[in-house]
Amino acid sequence: MDFIPTRSIRLPHSESNTSSKAMREHRTTIREFLGQYFHIGGISDSEDIFSLGFVDSMFAMQLVLFLERTFDVQVEDDDLVMDNFKSVDSMTAFLARKESATV
Amino acid sequence: MSAQKRFQTVGVVGAGVMGCGLAQSLAASGHDVVLVDLTPEVLEQAGETIRQNLRYGRLRAPGSAKEPTQAVLGRVHFTTDYEELGRAEFVIENVTERWDIKKEVYGHLNRICGPDVIIGVNTSAISITKVSSLVQKPERVIGMHFMNPVPMKPLVELIRGYYTNDSTIESASTMLAQIGKEGIVVEDMPGFVTNRVLMLTVNEAVFVIQDGVAEAKEVDRIFRGCFGHTMGPLETADLIGLDTILDSLVVLYESYNDDKYRPAPLLKKLVAAGLLGRKSGHGFYPYSVDSPSSF
Chain P
1 MDFIPTRSIR LPHSESNTSS KAMREHRTTI REFLGQYFHI GGISDSEDIF
51 SLGFVDSMFA MQLVLFLERT FDVQVEDDDL VMDNFKSVDS MTAFLARKES
101 ATV
Chain Z
1 MSAQKRFQTV GVVGAGVMGC GLAQSLAASG HDVVLVDLTP EVLEQAGETI
51 RQNLRYGRLR APGSAKEPTQ AVLGRVHFTT DYEELGRAEF VIENVTERWD
101 IKKEVYGHLN RICGPDVIIG VNTSAISITK VSSLVQKPER VIGMHFMNPV
151 PMKPLVELIR GYYTNDSTIE SASTMLAQIG KEGIVVEDMP GFVTNRVLML
201 TVNEAVFVIQ DGVAEAKEVD RIFRGCFGHT MGPLETADLI GLDTILDSLV
251 VLYESYNDDK YRPAPLLKKL VAAGLLGRKS GHGFYPYSVD SPSSF
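The listed protein sequences correspond, in order, to chains P and Z. The working numbering numbers the first residue of the first sequence as 1 and each following residue consecutively. The working numbering numbers the first residue of the second sequence as 1 and each following residue consecutively.
In case anyone wonders, no lab produced these hints; they're calculated from the structure. Take these hints with a grain of salt, some might be off.
[What the hints assert, rightly or not] The list that follows gives simulated cross-link-like pairs (lysine-lysine, DSS-like), each with its CA atoms no further than 27 Å apart:
id, chain 1, residue 1, chain 2, residue 2
1, Z, K279, P, K86
2, Z, K153, P, K86
3, Z, K66, P, K86
4, Z, K66, Z, K137
Every value quoted in this text rests on a predicted model; they were computed, and no experiment measured them.
Use the sequences and the hints to build the structure in full.
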């Protein structure tokens, strides 16, 4: 049986925990925000909220502004693609990329 | 048709929803825009609105924007000073649909703009002929009824006032072509074509649900499924705003003195209750989970 490390050995222990904790909090905050607009209980973090018909494309701009204001990130022209905002997972990943780029 | 010159600098008066949409369309197609409104606060808000709408356009149609958002926004000059309209080659007025306000604005335009500058009146309600009486050379005044959201609507109602001449219609058509739009010329009667027909349709749809003939979602589904409309009349009303629908019906009712434009009591009731459509979170349909279900 291969040895599978259970946690990254490249990052110091505390930093790894802090980062994943921050991402979990981001995920919770995003779900809470979406929950103001539709019943989010029935959808998973990976599902596309636009193709499911919960919201229309106009809502994407609300998401952009929400992410900028809540997480203090700047959404640049090149970031303005639906793939960044279509699901809880994609928004969380987007925040992780933005935050790692500014460290 | 003679070749028209390109209009490069365009004045936009009024930085509300329509003025912002128009300034955005003009700037995105390479025009220099002088956007005038009364206060720095309104202009600051307008700048933010245009910036967000440009970003939304980028998001909605990837690859459609050829320039950075900031470069497009940089072509809009925001000012509270009417005198700056002196350099505009074409002016489009979008101020509040009230005669006393229009009258004051046209006083400024008459004084500041050259006598050959074409003036487009972006209105859905006010008589173009009456507005044209406020300036010298009324033949250069034409109605330009843009639809909301301006950047997404390719057709514009062009309204020929009593004095509007062919050269003015041609200039307005050129102006529209420069921003990728086309005009349909109609005559100057209250509500033109768009509002006269649409408002009656919406109003009758409200009477239909008031009378219990069908529910809102059924009415809209019939229009979408049977007639191929993209949206039904009640969804459309929620998008426009029920207060705006009511105001438009009142104007039509007063203009024609015809009972057929009387607003449905249910429409008045919804407006009085603050159920104004999408902008208030509830109209004929709910737009948030906290709202009760649709009618």
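Going through the hints against the structure:
1. Taking the CA atoms of K279 of chain Z and K86 of chain P, the gap is about 23 Å. The hint holds against a cut of 27 Å.
2. Proposed proximity of K153 of chain Z and K86 of chain P is supported: the alpha carbons are some 26 Å apart, at most 27 Å.
3. With a CA separation close to 24 Å, the supplied pair K66 of chain Z and K86 of chain P stays within the 27 Å bound.
4. Of the supplied pair hints, the one linking K66 of chain Z and K137 of chain Z is violated, its CA atoms being roughly 39 Å apart against a limit of 27 Å.
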